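J.: Spelled out, the chains give:
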Amino acid sequence: MPRKILLSMFVVIALALVLVACAPETIEVTRIVEQVGEQVEVIVTRVVEGEVVEVEVTRLVESEPVEQLVEVTPTPIGGQLVLYACLFDPDKLEVLFQSFEDQTGVDVTCLDMSSGEALERIRAERENPQGDVLFGTTNLSHVNLAAGDLTEPYQGDGWSQLPDGALKDPDGYWSGFYYGVIGFACSPERLAEISAECPDSWQDLLDPVYQGEIVIASPAASGTSYTTLSGLAQLYGEDGAFEYWAQLDENIAQYTESGSAPGRMAAAGEYAIGIAFAHDIQVQQDQGLPVEIGFPEEGTPFEIGGISIIKGAKNMDAAKAWVDYVFSRPFQRYHNDIAHRIPVIEGVELADGTIGLDDVTLVEGYDPTEWAAKRDDLVARWQEEIGSQR
Amino acid sequence: MAESFTTASVRLQNLSKHFGDLRAVDDVSLEVQPGSLICLLGPSGCGKTTTLRMIAGFETPTVGHIFIGGEEITDVPAYGRPTAMVFQNYALFPHMSVYENIAYGLRARRVKRAEVDGRVRDALRLMELEGQERKSPPQLSGGQQQRVALARALVIRPKVLLFDEPLSNLDAQLRVRMRGEIRSVQRRLGITSVYVTHDQEEAFSIADLVAIMNRGKLIQLGTPRELYRQPADRFVAEFVGLSNIVPVEIVSSGAEEAVIRVFGQTLRSRRPRQHSDNTTALVLRPEALRIRPEGATGTPARVVSMTYVGPIARYVIAVAGDGEQLLTVDLYNPRPDEFFPEGTMVSLQLPDEVPALLG
Amino acid sequence: MTSPVATWTANLSSTKKRRLLFALLIAVELLALALIATYLVGYEYVETGVETAGDVETVTMQRQLIGDPALLLLVLIAAGLPILSRNLRREPVVLVALQAAAAGLVVFVVWPLAGVLAESFREEFGAARFSLLQFERMVAQPIVWRATKNTMFIGIVASSLATAVGTLVAYTLTLGDIPWKRALRILTVVPLVSPPFAVSFAFIMLFGRRGLITYDLLHITRYNIYGPQGIILVQLISDIPLVILILSAVFASMSRDLEDAAADLGGRPLHVLRTVTFPLVTPAILTAFLLSFISSISDFGNPMLIGGGYQMLATQAYIQMIELFDLQLGAALSLILLIPALAAFLIQHYVVSRRSYVTVTSGARVGAAYTRKLPGWIKWPLFALVLFFAAFNLLLYGSIVVGAFVRTWGFDFSFTLRNLNGVVNALPNLKNSLIVSVGAGFVGGVLGVMIAWLVSRARFRGQRELDFMATVMYAVPGTVVGIGYILAFNGSPYFWTGTFFIIIVAYAFRRLPVGLRTSVAAQKQVDPSLEEASLDLGASRVRTFAKITFPLLNRAFFAGVIYIFIRSMTDLSSAVFLNSGRTQLFTVRMFRVMITGTPSQAAAFALLLIVIILLALGLLSKLTGKSFVDMFRIA
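One line per chain: the protein sequences are A, B and C, in this order.
Numbering follows numbering that gives the first Met the number 0, in which position 311 of the first sequence is assigned residue number 310; successive positions increment by one, without gaps.
Numbering follows numbering that gives the first Met the number 0, in which position 324 of the second sequence is assigned residue number 323; successive positions increment by one, without gaps.
Numbering follows numbering that gives the first Met the number 0, in which position 625 of the third sequence is assigned residue number 624; successive positions increment by one, without gaps.
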């Protein structure tokens, strides 16, 4: 077949494409709302490049909006539920998932990922969400998502029970379902080798004896470490915190990407001290590892672990039921027992040996929710002054 | 199976194939009559194999047309052409048995199972391969492999059979036998065949017509006898057999004949086919020359060497002239008085009539 | 009864019939292109202004072109150019295969790589305007320079050392007259069958600050494995086997006569080694160096696990993009990573491989070589080196096996099966990984055989370009592939992230080069006249491929499939970008466990993965009828 025919075929297809693109440049839609006695008239006019092409008139009878009643029943919902950023070893949460499935028939999948990864995914999948609930991680992520309109407000049972303030979003975009406090994971063996003791204040950490023996996550990558940074900023003021951290940096062996890794490394005896959430350190103790926990006497910052429903979640009913379930007493109690996170519901007793808010001195006036809003600036400064200097 | 063959002519019209700057085949036109066997003969790289591959459909001509049985097939892919080829290395499928190899083309044409079996058995019988059908090709001898390749090509009843130097992998004796078999099968089935070889003897012994190619061009087409007797040019003359090419002086030139002078002797010669006035060379076949003891009539020459080639005494003699010209002279069954030691002076006698002047 | 259509077609000449069919083919293709076009490009109306005057609200909407017209144009060119060749028009099947291959390579190789390049020059993320502005901002970041410097440092040191050690080991194993060759040959290449980052993990278990050997056995307390030194050590373990494989093949196929001639001329053994043996293999050594350089700078898992915050390009690209949401910095870092990798690849591809004295073919058999008699003072130190390396590997993999079945590595070595619980819970991830890897294996294997046929058997202009497009991914680090695919296919109109499709395609194209080269090598072993004979006997292209080409190539095909399967099962660097909630892969889960869980839990994951890979190799060994030892060569 001669080339000419082929080339002309391509010209034809190119032309066809151009024609497709030759739709009108602009469209104007005019909407006029008129009240005519009892009726409301809405007139919509579509003007395409100066010409009126369509007029649509809708008449409505104005009436009282019907209050929608949300029925919370343990009736079977069925289907699936995908939890993002599984806050804790999914294997150990299996009991909770099973019990939820028994009640609702919902099959829960909990995906283990870092909080940063979870956020990235939720952003990336905004047009086609693959997860239903962001379960756990500091409320930093939840505040962030709410600001980006990526989560769905839900004012369920749990939300109503929580006191106003740091523990929940006023509009219900997220709710806090546990507390966690920062502690020092100390390896007795390693400390003995360097002839040092488990520190009990922030200032102790600056002692040269700990040089190259402290592990902490990078505040840029980890919510855990941002809790520490913002707590220090509350304690010493922003400038003071950075001055302090610059000194602390001398003793830091490495900045990990994961917030729980420092606790794990200290528990394994690789380093003398890891700065992490106390509940993560207690999990290491449960594994039978010889690790002790110290708390700074100046005050320790705390996190609020949140839960929120991802906007456009495919399993909305199951997601809401799960949020309700998370605030139930059995959940809060059991969760404290295995993950050592501190319950938020009044009157839920702590399991034996778990550290509660009363066991530590909190940084005075520290509000993790307030600090969440300042994250970007603080982290940028940390990157510039500390992170990029290494 | 012979009766079910239909055969067809092959026509090449201004066929050219260029590979980059190289003109592998350059404006070749050729017609093969139905049922005849034509040989494409030439040195390696002359374009004979490329021409064959264009007929088979493995190469696309840059310019020109190919017709089989009057229908143009230039743009028909290889699998759509009524040709079958016997390859130089036989190209037997190593992962199939002899039977499967032969049945391959029939199965590709979706011939019914029972018919496939009948035709394969016929082919096995024709090629004397009965009892070998379960073997795999590598287990066969070279000659047997050759037969399988031929059977595989014949069984699909092609209109044109193509041979690409089919005998070059066989030893000398087997080659002679196989070419006889190929010739007899081809005659028996009356199937149009194009046969490529670089071996002049093979070509002359097997072909109805021989086409001599050089540097992509078709130089001369003719029967073996025509080529031998009347080579079109120096290349053909040299290629189709041992030749002495000597300068000539044209004395007079008529419509049919010319009178020429060679080494001081006057001869008559037929005019070359492509007439050209500045023709200055003549082919003298070694067996057409005679040498006599010094003093006899003829041109004086000196014996340079002599060797025996079977019953032939092959002399190389030097004729004095403008510089020294070496000629080969073959004497068949030389008589005792025809032995001349090296260095002896002899007289060279030319035949009265020589084949042709070179074009 | 014959229908009019049948009568009509029966009356057509074969030439007319073919033309008609060809016209039909082109019509179908145009239709397919039109469908692709409507998918790739469209328009939508975007609100540009809202005016409210009393009860009247006026919304102005502006038409906007959405999608990727540039990609459409590329696809059009890729699918259109082959039609211009008369050779190809004659054979519609080949034509369609070429069109498919070219379009596939354009969409899944050229486009994502172009995306990485383009992103670094956009004024802001996803912006339509390009300038140097953003690039200047990126270049000004200290992290960019530090990561670049560190990456080059690690790359050069690790690959030099790996090449040196690997060459000596390969020489000793192939040509040396030493005992236990068979076992040593397996042990020295065993790291190839595990996910690379499992090495770091086992290394920390044994030689970390609390390692079984360094601490419990040797009581070393003042030393640090985290950092560049750790990265180099673990990369050595995974790169040395690569060097060994490349050089064993060369040493094995090296003619002994040259060395004999040198010895005959009075050269002493060491002199011969230095003046004849090694100069002969210099190009192969360079190849090994460049390939291990690419592998070293592309490494993601090891620097993450053992780097202790040491900044390298591949890890920083991930951290910037995934942890810190700076997609542009991520893209810039991956672009910088792409440059040396690509340079090394081009040098290898166009300079070094042309100078080879000894050709390396995947089919070369190790072990067929004659052994050389070496004096004891050379032989035994070399043997000790090989033994040391083999023992080291044995120890590393042994610790994974043991680690999987003890309660708490380092503290409580009592036997338990509890670590398997974690693996059982990760079975959905394993299923995901298997879906992806089997899919990628077959897609990549088929593409490999198809493109190999096109580049070595068909004849058309642009063959070299096609070959290059299909091979270039060899040099592209997994991180860059991940970022490129996210940049290219994340948004409208694709929404491919989070699907199995995108991961399968990414793996198939990323690992295609090896499948392709294996098939090309196998293709060269097969006489082209076999295919011609089949065509000549009237079998169509498809039938010829199915009955002749493929059966003669199937070993190469299976080797390609299994290779891609294994590499996909063990990949981490692309997976961290491309998997999503529902498609989370086993290696990603395993990586998380290595960071947050106990060593024993992680060991159980690694063990399961290794078992799966060994099973895959066993299957391949069955399929190709070769010995199990040979199977390591393809891994």
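Calculated from the structure, these hints are not laboratory results.
For clarity, every value in this text was computed on a predicted model and none was experimentally measured.
C-beta atoms are modelled at their ideal positions from N, C-alpha and C, and glycine is treated no differently.
A few of these clues could be false.
Below, a list of computed lysine-lysine pairs in the DSS-like style, where the Cα atoms sit at most 27 Å apart [said to hold, decoys possible]: (1) C/Lys-546 x B/Lys-134; (2) B/Lys-134 x C/Lys-372; (3) C/Lys-16 x B/Lys-158; (4) C/Lys-16 x C/Lys-180; (5) C/Lys-180 x B/Lys-158; (6) C/Lys-523 x C/Lys-625.
If you anchor each label on the Cβ, the simulated ranges turn out as follows [claimed, not checked]: (7) A/Gly-364 x C/Val-49: 52 to 58 Å; (8) C/Phe-129 x A/Glu-196: 55 to 61 Å; (9) A/Val-94 x C/Pro-380: 54 to 60 Å; (10) A/Ala-379 x C/Phe-129: 22 to 28 Å; (11) C/Glu-122 x A/Glu-242: 32 to 38 Å; (12) C/Gln-228 x A/Asp-375: 39 to 45 Å.
J.: Decide, hint by hint, whether the structure agrees.
T.: For each hint, the structure was consulted:
1. C/Lys-546 x B/Lys-134: Holds, at about 19 Å.
2. B/Lys-134 x C/Lys-372: Since the Cα atoms of B/Lys-134 and C/Lys-372 sit roughly 45 Å apart, the hinted pair is violated (cutoff 27 Å).
3. C/Lys-16 x B/Lys-158: holds (21 Å)
4. C/Lys-16 x C/Lys-180: Cα-Cα ~64 Å, so violated.
5. C/Lys-180 x B/Lys-158: Between C/Lys-180 and B/Lys-158 the Cα gap is close to 60 Å, so the pair fails against 27 Å, i.e. violated.
6. C/Lys-523 x C/Lys-625: Distance ~20 Å between C/Lys-523 and C/Lys-625 Cα, so the pair holds.
7. A/Gly-364 x C/Val-49: 52 to 58 Å: Given a distance of about 43 Å, which is not inside 52 to 58 Å, the answer is violated.
8. C/Phe-129 x A/Glu-196: 55 to 61 Å: holds (58 Å)
9. A/Val-94 x C/Pro-380: 54 to 60 Å: About 58 Å separates the Cβ atoms of A/Val-94 and C/Pro-380, which means 54 to 60 Å holds.
10. A/Ala-379 x C/Phe-129: 22 to 28 Å: Cβ of A/Ala-379 to Cβ of C/Phe-129: about 26 Å, so the range 22 to 28 Å holds.
11. C/Glu-122 x A/Glu-242: 32 to 38 Å: With Cβ atoms ~37 Å apart, the hint holds.
12. C/Gln-228 x A/Asp-375: 39 to 45 Å: For C/Gln-228 and A/Asp-375 the Cβ distance comes to about 35 Å; the hint is violated.
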